[in-house]
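S.K.: Residue numbers (the working numbering), protein chains in the order written: chain A, 1 to 429; chain B, 1 to 429; chain C, 1 to 429; chain D, 1 to 429.
Worth flagging that the hints you see were computed from the coordinates, not collected in a lab.
Possibly wrong hints are sitting among the right ones.
What the hints assert, rightly or not - Dumping the calculated DSBU-like pairs for lysine-lysine here, alpha-carbon to alpha-carbon at most 35 Å: (1) C:243 <-> B:275; (2) B:136 <-> A:136; (3) B:247 <-> C:275; (4) A:145 <-> B:423; (5) A:32 <-> A:243; (6) D:275 <-> A:243; (7) C:22 <-> B:243; (8) D:423 <-> C:188; (9) A:423 <-> B:136; (10) C:275 <-> C:243; (11) A:188 <-> D:136; (12) C:188 <-> B:243; (13) B:188 <-> C:214; (14) A:22 <-> C:32; (15) D:423 <-> A:247; (16) A:247 <-> D:22; (17) A:188 <-> D:243; (18) A:101 <-> B:247; (19) A:275 <-> D:22; (20) B:275 <-> C:214; (21) B:247 <-> C:214; (22) D:243 <-> B:39; (23) C:214 <-> A:32; (24) D:136 <-> C:136; (25) A:22 <-> C:39.
As the list claims (entries may be wrong) - Quick list of simulated restraints, FRET-style, between CB atoms: (26) B:202 <-> C:245: 51 to 57 Å; (27) A:128 <-> B:72: 29 to 35 Å; (28) A:419 <-> B:144: 23 to 29 Å; (29) A:5 <-> C:363: 33 to 39 Å; (30) D:421 <-> C:418: 37 to 43 Å; (31) A:72 <-> B:202: 52 to 58 Å; (32) C:198 <-> D:425: 36 to 42 Å; (33) C:315 <-> B:211: 39 to 45 Å; (34) C:245 <-> D:59: 46 to 52 Å; (35) D:425 <-> C:245: 52 to 58 Å.
Just so you know, even glycine gets a beta-carbon here, dropped at the ideal spot from N, CA and C.
Protein chains: 4
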Amino acid sequence: MLLNPQYIADHNQLRSDSHRSKLSYWANEVEKAEFVIQKLIDFQIAIPSWALGTGGTRFGRFSGGGEPRSLEEKIDDVGLLHALNRSSGAISLHIPWDIPKDVAAIRQQAGSHGLAFDAVNSNTFQDQSDQPLSYKFGSLQHVDKAVRQQAIDHNIEVIRHGEALGSQALTVWLSDGSCFPGQLNFRKAFERTLESLHEIYAALPPDSDTARWKMFVEYKAFEPNFYSMTVGDWGSSFLYASKLGPKAYTLVDLGHHLPNANIEQIVAILLQEGKLGGFHFNDSKYGDDDLTAGSIKPYQLFLIFNELVDGMDAHGMNHATDLGWMIDASHNVKDPLEDLLQSVEAIQIAYAQALLVDRVALEEAREANDVVQAQELLQDVFRSDVRPLVAEARRRAGGALDPLALFRQLNVRDSLIRERGAKTVATGL
Amino acid sequence: MLLNPQYIADHNQLRSDSHRSKLSYWANEVEKAEFVIQKLIDFQIAIPSWALGTGGTRFGRFSGGGEPRSLEEKIDDVGLLHALNRSSGAISLHIPWDIPKDVAAIRQQAGSHGLAFDAVNSNTFQDQSDQPLSYKFGSLQHVDKAVRQQAIDHNIEVIRHGEALGSQALTVWLSDGSCFPGQLNFRKAFERTLESLHEIYAALPPDSDTARWKMFVEYKAFEPNFYSMTVGDWGSSFLYASKLGPKAYTLVDLGHHLPNANIEQIVAILLQEGKLGGFHFNDSKYGDDDLTAGSIKPYQLFLIFNELVDGMDAHGMNHATDLGWMIDASHNVKDPLEDLLQSVEAIQIAYAQALLVDRVALEEAREANDVVQAQELLQDVFRSDVRPLVAEARRRAGGALDPLALFRQLNVRDSLIRERGAKTVATGL
Amino acid sequence: MLLNPQYIADHNQLRSDSHRSKLSYWANEVEKAEFVIQKLIDFQIAIPSWALGTGGTRFGRFSGGGEPRSLEEKIDDVGLLHALNRSSGAISLHIPWDIPKDVAAIRQQAGSHGLAFDAVNSNTFQDQSDQPLSYKFGSLQHVDKAVRQQAIDHNIEVIRHGEALGSQALTVWLSDGSCFPGQLNFRKAFERTLESLHEIYAALPPDSDTARWKMFVEYKAFEPNFYSMTVGDWGSSFLYASKLGPKAYTLVDLGHHLPNANIEQIVAILLQEGKLGGFHFNDSKYGDDDLTAGSIKPYQLFLIFNELVDGMDAHGMNHATDLGWMIDASHNVKDPLEDLLQSVEAIQIAYAQALLVDRVALEEAREANDVVQAQELLQDVFRSDVRPLVAEARRRAGGALDPLALFRQLNVRDSLIRERGAKTVATGL
Amino acid sequence: MLLNPQYIADHNQLRSDSHRSKLSYWANEVEKAEFVIQKLIDFQIAIPSWALGTGGTRFGRFSGGGEPRSLEEKIDDVGLLHALNRSSGAISLHIPWDIPKDVAAIRQQAGSHGLAFDAVNSNTFQDQSDQPLSYKFGSLQHVDKAVRQQAIDHNIEVIRHGEALGSQALTVWLSDGSCFPGQLNFRKAFERTLESLHEIYAALPPDSDTARWKMFVEYKAFEPNFYSMTVGDWGSSFLYASKLGPKAYTLVDLGHHLPNANIEQIVAILLQEGKLGGFHFNDSKYGDDDLTAGSIKPYQLFLIFNELVDGMDAHGMNHATDLGWMIDASHNVKDPLEDLLQSVEAIQIAYAQALLVDRVALEEAREANDVVQAQELLQDVFRSDVRPLVAEARRRAGGALDPLALFRQLNVRDSLIRERGAKTVATGL
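Chain A with its partners taken away, still in its complex shape (with noise of 0.2 Å):
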């Protein structure tokens, strides 16, 4: 399905004094609201195939209607989304789930769409149908070298499959773990692990002018392992990145911890350290719930960026380009194209409101150990509503000053559905 240009310049149009009224009201409001502007419309989520569909939990699945019968409805849906915020201008597939038919029609698709191709997922967690050799006992980490080999080539299949799509990433996450006291070798788990990567590693495509490729490597504090994960936490996947080499980082996933983690506190060491990779972002209440960023705990999610922003800066990254972000969510209960315009809309917020951040006089307040001014500094831009800055931002890029109620107004889900059926899954779920 393709949006019509005209439905936003229409919808943008009967919007116009209201959102003017707004903005003139904002850009008063705060300082370098143009800034802020400017920034938001270089900065682009990628939007993971697999979260195009209805997801579900051990317990079941509620599927939706309408949902991708294959990769091409998936760009579809990330196209369609794109064209309505402008911010969605990447797609993160997931192999064997999504690996391309043709892949030149699958580039030009893309591309007629503004998409690009972020990190490439691989798959070891699950076994496919026409797989030798079962992780049932993990994969990088299994005792027999055969299944190692397996995973080992599956990873580098993906890479290839990135290449070819023009992606510069892959992100290795590893359900790898153990159930049960006394599964495991926790250290020989963590030498054959290190080992696999190694070989994963060196398969990744040299650097040239047009790709320089990075391995991400993602942690998890649990699940689907209940007893360890074998990259458990940041301290773990900083490790393996470390002695991987420099094309190695760590990537966050904002469920993937203890409960009580301070996350942003792990962002700015990783960044410190040069070895934050990329973000996959949700929200969660009690461990991987992987529900719409900003949904739980907004204060969280502004902190994020907050020390994201301010450990970019320190090492002179590039907001836009310089770290992979991404969505990882599930969606059990809501439409998934609804859930990820409230995601990005949440993502964007937080980071608006920490470019707002008046960095000075924060790190005065620091050094005058003022407590409480800081925290009103950061509590200052919190309380302020970045939202018509994020609306311009999109408009001048040509996206919906509310995304979400054009795409209710357009009833976008009924035409998916006409188009695709009420009983569809999407693929890979």
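Fit chains B, C and D to the known structure of chain A by using the hints.
M.R.: Relative to chain A, chains B, C and D alone:
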């Protein structure tokens, strides 16, 4: 597959000397060894029909082989466990997964294994293929009375199945809740759920000479809903059960709590209020991990039994019959039958140790605020090796001294795979 | 120290234009701005006497200067806060730290500041130097009736002090519990505690034209006892309060829960059951961290107020008077008065936002299972900047547009240090 | 108070028959009984000087009687423990609480008890009365170089005291961190802390024939700072230790983790990286509860020792000397000396059980992905009663078969109260 009793006799014969030597040592070491052995013989733990196959997580499921393909095969599997340990003399069915086609035949089959039918379980956390209305947004809490009615009717149907089989309890576990702030009116969800439960309660069979039905209201802190659960903690469950009436009780599942919860204290309070109905045993480190009982926190399991024995004795309750004892686990990396043998053994050990606590001395220590001595009294029995007593109870009841060893020695799983196939998936999973 | 009203007038005058501009924008943006302002004017949050000095941890305490050395100075400090924000019109005393020597004088002093006396608090978690029996092993739960009687008598004495001052509620927070498995007979501890509470309850003054006394039973999950707390969760507190009678209520302290608890749902249930009595506001990341309200999880604070407003309205309760609103915080690294100004502001913001929720639309979204829209409705108000409304409410009530700025501008702390000394330690701490 | 050796002889004599009978049974049951006994004899656990008196919480402290009033009395108390159990042959001092006035005399006194001086501990989490600058906002992380210098100098002074006493390690536990978002520049705090640690590291004595000094960098997730800790997890500590150099190591305190952390896996990784330096034993349910070792999660303690034994053996490390073994507990409701006897016993039991693990069979099970068998192997030793082996090790080393019983029988506490008074408060607390 039926176990030839001669195998058990041979197995026990071979271990007889070693067992007698251990038993004689421990019968001397601990007081009341004979009392404990008798109690253990009477103590039966129900096996849930869904735990006979491989479980899984939302990330995948790695089937084992030889899983039961029908209710009949599930009963056979529990029969096999019971033949081995003589402590698994009941099966807990799940409707609609386990609807018997021929009730009389099923009862006879179960009877031939010495199995009773424990609590029957309803399922409103999934949509069945032939189901008119969806539980995507809840069942007994649903805003639409028609959905609630469907769920009520289902629960009543489960009661009727239970009656036919000779069960005497309905376990209601609700996945109802919400995934996002705002989604649910907590107040109305509570009221609607209560109203629905009232209708189900009203359909419980009247007390008779042969049956006194109970309704168990199970609570869970999170999952599959990730913001709120409508029966989310013992306090909520207690409220529902109190409002429903004397046949309604709280059911405690060890994995259904927030981090660090003191479950043994909850047990003590519920027993004191006369509202503890039953137990789902398993173990966990992070959430509802559904691991083998006693595999992560065996001391906690003992402390829970310590409260159970103390509280049941204080209320003149019969250990064997006045609470529902069930396992509720999921097996991702183990043979389900082996896992269940391990769980039953761990539960028996904890129960035996709790029986050995010197309660007179413990109360004396407490009255004297002698914290050191109170701890010593509990740890003394926990550090004692009661396995010979548990083995002796099994032996006297006709079971194997070492059920797991015999299970392996007999290559039971291989037989099941030959009989049922290597790629079976237990019905319902 | 008394605040010269002219300072406030000058301060407000200087900010008048800017404030009017913001107010006029927001009065236009949000519906019911006037309604919210009126509600805010009526809404008063009690300041606890113990929060006027520096708190500390078991590892140490870093005193600030100018802390109040007497009850009179504590009242002066709250008076100062109230003069600044007109929303701190009550003080909550702690006995024995705050026993008035001359009740009439104290009442007159408080009255001159416009302060009422909120709930009085007993203390059985410490031993006072002149105390015959120790609370080392608990107070109302103690195995020794003499210790219990001492604690009962103390609570009754606290009620008498409260009566004399015009308070109408007793808050009972018990540190009673146990540090080790085995230490406590949970059942007996519960019964003894209940019996003791009954005796205190019986001593509550009868209802009169001027006073309707309540007893608040506060719960806490852990600390200072580290294995069990005898009033450990809302379920326990609810049980006690239900058994005690209609004057007994549960008090919720935000920091007194296990990790990840859904406090807003607890609030909704307690309100529905007519058993929510009052609130202790603070914020926390790990345990009972007693940080500034809204400093860690401001969205949670809003969600709690969302339930409070919804539930109180549903029961026809008066927001300002039918629940006890108190701060309970500890100040380790901030000026206590500044911290309290921040807390009150955060609470007012959350309350104002909750008042702005479009409840009709929210119920419609809920009835339609429109989860996306329900979230949007809540986040829309949360993302709105209600600070101008809060400031306007303060202004109209005679307070300062920016209390914290004025506090700093007037160098209040320096004055207090000059007056009271740099090394003071607030009485009781 | 010195223990008359005859008391031990008499005590052991009385229990001789019973002990021999148990020992002979267990020596038969477990393989390598003799090996375990020898290892236990060599294994010594340091007692921290601050654990000899009653601890407390921020809510209060309930002193016991007879607490040591001086360093000399602390040494006597540890000497007494060591005389009883022959496993507490070291004391860990805390500066400035335990600065010796006469080093030679102190060394002689300790020597007469057979005590060594374990790691010395610095204190920058409190302000001492004579201290020019405050640690309110941190010490080694402080924004003011003068404060950092003061803290550095203090640590170096602690090293010097340690040198004089014959200690060989400095433990640096930092309470540095922040209580509120915004308060700290995480990056700069890390850098300043690292720089400070470098200066301390540089002051470590050079390796000599008699001493090879280590610096232990202890981490803690939270408390007394409640938003961030600058050395907050093993990953951070590992980073500091790696950057500092080969003499710097991570120290693990069991209570310093987020909920549900897998500490045994952390231990395995640190050992593998050659960066595990030492241990602080205690137990906890909620946070840094500082309870008796093994009193809450004894299986976890065993699993940790299982990794310790496995990892140390893999690296050819000497169990007795190559890691620092210390208790770090607080005693709120128990006699401190009794508590310490319980802790040492629990640690010895866990160590003995870990020594008994059949590592060849365990590796075979792991290589075969036999999860059930791996669990059985661990639980088999955990369920074994190794107390007779521990008692025998004590007996051979000259200690009491049942130290706690003898401590009580001798009325040691009464003697201490008579000698030191009932209202003493141990120095430093």
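S.K.: Indicate, hint by hint, whether the structure satisfies it.
M.R.: Here's how the hints hold up against the structure:
Between residue 243 of chain C and residue 275 of chain B the alpha-carbon distance is near 16 Å, which keeps this suggested pair within the 35 Å criterion. Restraint check for residue 136 of chain B and residue 136 of chain A: the C-alpha separation of about 30 Å stays at or below 35 Å, so the hint holds. Proposed proximity of residue 247 of chain B and residue 275 of chain C is supported: the alpha carbons are some 25 Å apart, at most 35 Å. Pair hint residue 145 of chain A plus residue 423 of chain B holds up; C-alpha atoms about 24 Å apart against a cutoff of 35 Å.
Using a Cα cut-off of 35 Å, the hinted pair residue 32 of chain A and residue 243 of chain A is violated, with the two alpha carbons roughly 41 Å apart. For the hint pairing residue 275 of chain D with residue 243 of chain A, the CA-to-CA distance comes to about 16 Å; that is within 35 Å, so the pair holds. Taking the CA atoms of residue 22 of chain C and residue 243 of chain B, the gap is about 51 Å. The hint is violated against a cut of 35 Å. A hinted pair counts as satisfied when its Cα atoms are at most 35 Å apart, and residue 423 of chain D with residue 188 of chain C qualifies at roughly 31 Å.
Simply put, residue 423 of chain A and residue 136 of chain B have alpha-carbon atoms about 14 Å apart, close enough for the 35 Å limit, and the pair holds. Taking the CA atoms of residue 275 of chain C and residue 243 of chain C, the gap is about 12 Å. The hint holds against a cut of 35 Å. Pair hint residue 188 of chain A plus residue 136 of chain D does not hold up; C-alpha atoms about 44 Å apart against a cutoff of 35 Å. Between residue 188 of chain C and residue 243 of chain B the alpha-carbon distance is near 25 Å, which keeps this suggested pair within the 35 Å criterion.
In summary, the hint linking residue 188 of chain B to residue 214 of chain C is supported, as the alpha carbons are separated by about 27 Å, within the 35 Å threshold. Only pairs whose Cα atoms come within 35 Å are accepted, and residue 22 of chain A paired with residue 32 of chain C is accepted, the gap being roughly 18 Å. Distance restraint check for residue 423 of chain D and residue 247 of chain A: the Cα-Cα separation of roughly 63 Å exceeds the 35 Å cut-off, and the hinted pair is therefore not satisfied. Taken as a hint, the residue 247 of chain A and residue 22 of chain D pair is broken in the structure, with Cα atoms around 60 Å apart against an allowance of 35 Å.
Proximity of residue 188 of chain A to residue 243 of chain D is assessed by CA-CA distance (about 25 Å); at most 35 Å being required, the pair is judged to hold. Under the criterion of a C-alpha separation no larger than 35 Å, the hint pairing residue 101 of chain A with residue 247 of chain B is inconsistent with the structure, at around 61 Å. With a C-alpha separation of about 56 Å, the suggested pairing of residue 275 of chain A with residue 22 of chain D is violated against the 35 Å cut-off. Between residue 275 of chain B and residue 214 of chain C the alpha-carbon distance is near 28 Å, which keeps this suggested pair within the 35 Å criterion.
This hinted pair checks out: residue 247 of chain B and residue 214 of chain C have alpha carbons roughly 34 Å apart, not beyond 35 Å. Simply put, residue 243 of chain D and residue 39 of chain B have alpha-carbon atoms about 60 Å apart, too far for the 35 Å limit, and the pair is violated. The straight-line distance between the Cα atoms of residue 214 of chain C and residue 32 of chain A is roughly 53 Å, outside the 35 Å bound, and the hint therefore fails. Of the pairs offered as hints, the one joining residue 136 of chain D and residue 136 of chain C holds, with about 30 Å between alpha carbons and a cut-off of 35 Å not exceeded.
Between the alpha carbons of residue 22 of chain A and residue 39 of chain C the distance comes to roughly 26 Å, so the proposed pair stays at or under 35 Å and holds. At roughly 31 Å, the beta carbons of residue 202 of chain B and residue 245 of chain C sit outside the given window of 51 to 57 Å. A beta carbon spacing of about 32 Å between residue 128 of chain A and residue 72 of chain B agrees with the range 29 to 35 Å that was offered as a hint. Checked against the hint of 23 to 29 Å, the C-beta distance between residue 419 of chain A and residue 144 of chain B comes to roughly 28 Å, which is consistent with it.
Taken as a hint, the range 33 to 39 Å holds for the pair residue 5 of chain A and residue 363 of chain C, whose Cβ atoms sit roughly 37 Å apart. For the pair residue 421 of chain D and residue 418 of chain C, the supplied restraint of 37 to 43 Å holds, since their beta-carbon distance comes to about 42 Å. Between residue 72 of chain A and residue 202 of chain B the C-beta distance comes to about 54 Å, which sits within the given range of 52 to 58 Å. Take residue 198 of chain C and residue 425 of chain D: their Cβ atoms lie about 37 Å apart, and the range 36 to 42 Å holds.
Distance hint check for residue 315 of chain C and residue 211 of chain B: the Cβ-Cβ separation is about 41 Å, which falls inside the suggested range of 39 to 45 Å. In this structure the supplied range 46 to 52 Å is violated for residue 245 of chain C paired with residue 59 of chain D, their Cβ-Cβ distance being about 29 Å. Here the CB-CB span from residue 425 of chain D to residue 245 of chain C is close to 43 Å, at odds with the stated 52 to 58 Å.
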